[in-house]
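Enquirer: Start from the sequences and build out the full structure, keeping to the hints where you can.
In case you want the letters, here they are:
8 protein chains.
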Amino acid sequence: MSTSGDWLCFDWTRGERTGVPEAVLAAGKSAGQLITIGRAAIERRAPVLFTRVDAPCAEALVKALGDRIHMDATARTATIGRECRRPELDGQVAVVGAGSSDLPVALEAVRTLEHLGVEDVALIMDVGVAGLWRLLERVDALRTRRIVIAVAGMEGALFSVVAGLVPGLVIAVPTSVGYGVCAGGQVALNSALAACAPGVVAVNIDNGFGAACAAIKALNPLVKGKSTCS
Amino acid sequence: MSTSGDWLCFDWTRGERTGVPEAVLAAGKSAGQLITIGRAAIERRAPVLFTRVDAPCAEALVKALGDRIHMDATARTATIGRECRRPELDGQVAVVGAGSSDLPVALEAVRTLEHLGVEDVALIMDVGVAGLWRLLERVDALRTRRIVIAVAGMEGALFSVVAGLVPGLVIAVPTSVGYGVCAGGQVALNSALAACAPGVVAVNIDNGFGAACAAIKALNPLVKGKSTCS
Amino acid sequence: MSTSGDWLCFDWTRGERTGVPEAVLAAGKSAGQLITIGRAAIERRAPVLFTRVDAPCAEALVKALGDRIHMDATARTATIGRECRRPELDGQVAVVGAGSSDLPVALEAVRTLEHLGVEDVALIMDVGVAGLWRLLERVDALRTRRIVIAVAGMEGALFSVVAGLVPGLVIAVPTSVGYGVCAGGQVALNSALAACAPGVVAVNIDNGFGAACAAIKALNPLVKGKSTCS
Amino acid sequence: MSTSGDWLCFDWTRGERTGVPEAVLAAGKSAGQLITIGRAAIERRAPVLFTRVDAPCAEALVKALGDRIHMDATARTATIGRECRRPELDGQVAVVGAGSSDLPVALEAVRTLEHLGVEDVALIMDVGVAGLWRLLERVDALRTRRIVIAVAGMEGALFSVVAGLVPGLVIAVPTSVGYGVCAGGQVALNSALAACAPGVVAVNIDNGFGAACAAIKALNPLVKGKSTCS
Amino acid sequence: MSTSGDWLCFDWTRGERTGVPEAVLAAGKSAGQLITIGRAAIERRAPVLFTRVDAPCAEALVKALGDRIHMDATARTATIGRECRRPELDGQVAVVGAGSSDLPVALEAVRTLEHLGVEDVALIMDVGVAGLWRLLERVDALRTRRIVIAVAGMEGALFSVVAGLVPGLVIAVPTSVGYGVCAGGQVALNSALAACAPGVVAVNIDNGFGAACAAIKALNPLVKGKSTCS
Amino acid sequence: MSTSGDWLCFDWTRGERTGVPEAVLAAGKSAGQLITIGRAAIERRAPVLFTRVDAPCAEALVKALGDRIHMDATARTATIGRECRRPELDGQVAVVGAGSSDLPVALEAVRTLEHLGVEDVALIMDVGVAGLWRLLERVDALRTRRIVIAVAGMEGALFSVVAGLVPGLVIAVPTSVGYGVCAGGQVALNSALAACAPGVVAVNIDNGFGAACAAIKALNPLVKGKSTCS
Amino acid sequence: MSTSGDWLCFDWTRGERTGVPEAVLAAGKSAGQLITIGRAAIERRAPVLFTRVDAPCAEALVKALGDRIHMDATARTATIGRECRRPELDGQVAVVGAGSSDLPVALEAVRTLEHLGVEDVALIMDVGVAGLWRLLERVDALRTRRIVIAVAGMEGALFSVVAGLVPGLVIAVPTSVGYGVCAGGQVALNSALAACAPGVVAVNIDNGFGAACAAIKALNPLVKGKSTCS
Amino acid sequence: MSTSGDWLCFDWTRGERTGVPEAVLAAGKSAGQLITIGRAAIERRAPVLFTRVDAPCAEALVKALGDRIHMDATARTATIGRECRRPELDGQVAVVGAGSSDLPVALEAVRTLEHLGVEDVALIMDVGVAGLWRLLERVDALRTRRIVIAVAGMEGALFSVVAGLVPGLVIAVPTSVGYGVCAGGQVALNSALAACAPGVVAVNIDNGFGAACAAIKALNPLVKGKSTCS
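Residue numbers (the working numbering), protein chains in the order written: chain P, 1 to 230; chain Y, 1001 to 1230; chain H, 2001 to 2230; chain F, 3001 to 3230; chain Z, 4001 to 4230; chain B, 5001 to 5230; chain V, 6001 to 6230; chain G, 7001 to 7230.
These are calculated hints, taken from the structure and not from any lab test. A quick note: this is a predicted structure, and the numbers were derived from the prediction, not measured. There could be a bad hint or two in this list.
Unchecked claim - Just some of the chain P residues that point at chain Y, by a computed CB distance under 10 Å: (1) Ile42; (2) Ala211; (3) Ala214.
What the hints assert, rightly or not - Stretches of chain F that chain Z covers, calculated by requiring three or more beta carbons in the stretch to come under 8 Å of a beta carbon on chain Z: (4) 3010 to 3023; (5) 3028 to 3038; (6) 3086 to 3092; (7) 3161 to 3173.
Using N, Cα and C, we set each Cβ at its ideal position, and we do this for glycine too.
Expert: The structure is reproduced here in structure tokens:
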């Protein structure tokens, strides 16, 4: 039995089929696996996004792939190429973060949107509800965006408050920021799911990437591709 | 100190402000409280939706409010009036249910959409992945909808499978259907949040109402109203 | 071995020692036990408060003790007599509730305060953050109270928002209102503990009684009694 | 899109509004972020408290800010300046710790009180209930304090015992001291919430800072400032 | 395949082998099963103890077995016959209960001890630590017992306090008394396991029977029987 | 929108495709839904098995379908017809139960096997490890079976012990028998998963049906049918 | 008291008794313990498998035992010798993995099968359901295997989908791949247990070894050995 | 406020009062704190036991205290002096361990017993139930011991099996050995609490020290000392 090379079966048609192409969750993969995937993308001339790239993997990727790959250390993302621009989605999304510790997750959402061809994403940080004036000052700006990605850890009160003030869809990204009962982000996640303001939706803890994908699926006119199965 | 009447402060302007009006979660409220709210709505000529109305409360509401209120026993909803029609949203939403036990939650989503003015919601039930052909036969129909509300209990595998096949936004509604480890719906919820297909978003367990609200917020052009705070 | 009567050892000196007398948690006790305690209090001419009295126990208590006992069905409290008035604490406490389903717990706090001699408690209900204007309209009134007991279920965002707006001590009472992830009140409790606004303190889920006791201990000049142990 | 500098929106008016100024939770922030906040405080001549400063961040802060910042390695706090003295609160607070492993959390409470202008805080350590005489010897001293901050890990029995002996408000700070079932502090937290002695309130696990803030809010005459929102 | 009668394989030799005979946990068994077991015991002239007998099963047992079976409604026990007296164990065990709601569990321990031949069990109820004087008054009496079975719900602080005061072995029986975080008894159980006083051992929640068995095994000289396996 | 009849999409080809036909989990379905499914099966002349049929549903099914349906009240199963006999599987499976409270789950496994055409299933009950001799006496019989379905609640020690003694595949069915920490069956489930004897596999709590299906899939020569998808 | 050497009591007869010999879980053991076990095996000329061998232990083992031991760094296995070939089991097992991060666990299953004498194991990686076509292309191949070991982390939807398509027994191996709610693998495990497709069985998280053992026990004709106890 | 030295209030009289002297849990304390306690003990000529001493602290203790302190690296204990011999307890205790990974916890129990004056402790390792013959061979030896401390991780089946075979009191010490569902030891703990054999008692996970203390309290004639409180 041989296993070399057999572990990879990339879903290159996912973008055509679902509107969002496959990306690579670097956490849990070896540097060797990441480099193999990166090389396959380069060879195929396909753009690809890596998320949750820690420092050692980032270094290995850059060493192997050179300037073909671009890192954002704070967002922990790496990108090869970029998807086609979607100018019709520009300016429709805001990313709001409760505290400065939420910055990496918020930036992951921004970088994902950019990689998928969306520009003019508003990034509004450090507007947690403990100082409510900070958010209220931004409400008029937020009300013009069709999607508001709200990023918060600790008790996640931001999700309900924002959703009670704006007409756009609020996509909650709970973060693992905090300690004690909120360690790991479960409290913020549950706050999003239990939000008293109707229509809040949630993604997994720290999943800025997923929120960006959902934003694009919510905004996008339907793709013309077809299910590979039917 | 008097408390009679003081316990109610309905947010009548929520629809204008956020695109989705306040509804009433009947569970946890006394029949007397529900009737008071119903009468206030009738007096104000405002439509209102009650969710999770159990049989005794339904009977009390009908007895008190007569034909001003309409019940759906399976969906456990009660409605007074209806919001303005939004024909531009007709035919854009599908509700997909994994098993026949998920019907009440799926119907709650359908009834909410109808109450909020949306028609032509596709309801596709009993297409759980154990018999995958049932879902694959419907994929082409699902691919024409901009929002797919997926309703599933037990292990919630439906969420990932649907999201890998359609371009629309998949809003997962985990249900409390099942026993043992899946009692209460937490497994289905976590499956939605951990879905390997990107862009799945989740609402609370059994929350068909919330999924319908999110669908409308995702589809709706921004409302012209303003935040009551600013 | 005889056990009749031996199961009761009431802490009659607790008020003198700690500023708050012993009360009786009815849940978990038999009607017979509750009546025995009630009779002991009447015989001793000592006021006593019963909390979480369900309907059958309430009926049994009234049948046994007649008009010596007073019930509040919504608050689920029963009282025999009343502690001395503490006029210096009048008007210092507000009880704020997020939704109308939180009324029983909020009223338990109010009834406890009244039983312990405190009047002019502000009760402000149905000001959940989904309609933030409802709370903001009341902020000036809340800012004059030294203690704000905040009562909320679901995601408990009210705790952080109130604590960011008022100078008084916010005592959070999470409630078991909600379903799915918030069933049982754990999410609201954790939101209180993880609140991003500093200085929020929490009591057990649905524990309006405990919040009222804490309010009195926070406000009260030290009692002159002594520890029974030293 | 530029993000440099945009991640910070400090709530400088929080003290005026709520009686307790914003502090900085260092855990989860980068050294660069902490230094930026420190410099902003120095420039504004505003006192600021950092909590949970680990050794590498402490070193970076001292290197960048020199003697403008003061560290307490055991309490893991760093301070720039100090709030105005509040002599009317001197001598009103005691901090009681169950075991010597609870010292860092207890000291965080003490340092917070000092930074906020309060002196003469009694610190009584290593009086866990396994050797009850240690606590009973101190009861008379504790009974003269209006606030008792009780700090305990493991089973947290200290909270109930202290609250049954003293008239002041007991603010429980559960700690993450212990292993096995008590790893993480959840048992001590739940013991505080479930305390059989009425009127105990709790803050998050290891949150000595929050307990100190609550103590000040409980003791403080109302501040004259106003809500920034209204 | 026939299953009638085949479901029972009583371990009649357990007492000889382990010092404690098999008893019957009624909860989860049908009335028919209980009666079958009772009849087998009567036929065999073997004493047997049923625990957790609810009212309908008690009624069915009495109806079927008449005065051969003896019920204790508070302890929820039923007994047929009694094991041989063990006078050498008389007066060596105390059962201490924190609150009057703990009485059923405490009585289950007492009834088990009596059924197994032990008399002069001290039952001391309602000595929770919120009123510590109640326990301290009894310490001298408790110090003469080689085993102290401590029964407590809520936060279970009694376990640590007792264990710090007496030389006997403290067997903690957590109870499901309480609400909110302590619903189900897990907090009291964890408090027993995390007790800061060394040497506390715990049995399952509400398991007064198991504590009594452990007491007998701790006190008993080794039985002369042999393992059925070897 | 019409929903009548649309909620059912039975997977009649599952048996051909996977070796085990679709069955109906009655819990969570209305009596009306169950009757509709039963009638569809009768009309189609297809055998069908219902599991977890409570008493009211059983009564409704019998009333509607008469002697076409057969109930087993202890096993809580109902059957219409029966699958073809599979004599090559006779005598290859044993079902072992730890205690008499596990009987309903054990019988669900037996009835499922019988419905699916398997006879001569050994049912060995009440052989929990507290009286190990009961199991050791049966080991030789168990060693002749290729599949041993082990059914146990509480601590589930039976799974490891059996698996260390027999060569057949041990399929563990944890049950919800027990109270306190083992309420709900999670402890028994985890014991199966953590078994120190290698090769134990587990199904969901109380899922006797699933264990029987797995037994058949493990024993069965591959079916000749084909995937409906490919 | 001497303890040297006394800590080891290897179950050398397990293979004869149960069909699967004892293996060594390296995690939690010291390098010294592993070497002692390895030397005992070599001396006894008995094959032995070590699982979960981390890098330092691997290095120590190789240094001590030289070429008598063989490592697979990705699978984290070490082997001394090999069990007898079982050609009748060749080609009957497939191992299917959802993502490339699941490779180490999938390989642990393959290496275990090989060590136990089984060849021609199909290893099919990276066929997660987000790109369903990848799995559907392999269904015909999978349908020829009597056992399908499915390895998946995150939401574990693969288990249900595979089980609905193939006639062989599906043994689910949940992995700890993922973050947020799926950290640790509990979601994937619960998805396996709650699978809507009947007959899925599960082993512990990341337990590729256990799945391989179960496969062999399911396929193997009964061993002729005997229980050591009877 | 000065805190130097104030953090220590050792309970030197605990042994006289409860039969077991205070010991020091090194985990969570700084090396400085440990050395201070060690010096106090030496100065007072009091024996003292440190548990859970990791390698750096061990090195610091030896460097500071020289040959006054004795380390056992496997048991992670350090001792200064030794309590008086209690020859009447010699030979009454056995420590049984399921697997070789449980050795450190089992040795902690042995070292604690020795430090407290007990000799001739039987240590029987690696007798997990997967190879039941290993335990059965030792049953006769175990049946002569009045206390059996059983140490097991994973599923903890050893507790029930041993308790069903021996007349002595079984004190279960669950260990954190294992991975997946048994990571952290909670499964083994719950198995002990849910044991189907009556009379098993449990201590905290990995708490060999506590089990040894309980053994001594169970065996010891009552101490003549008195409660410090009464």
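Enquirer: Against this structure, judge whether each hint is valid.
Expert: Status of each hint after checking the structure:
1. Ile42: violated (22 Å)
2. Ala211: holds (8 Å)
3. Ala214: holds (5 Å)
4. 3010 to 3023: violated (count 0)
5. 3028 to 3038: violated (count 0)
6. 3086 to 3092: Coverage by chain Z is violated here, the residue count being 0 at a Cβ distance below 8 Å.
7. 3161 to 3173: holds (count 4)
Consistency with the previously given hints fails for numbers 1, 4, 5, 6, ordered from lowest to highest.
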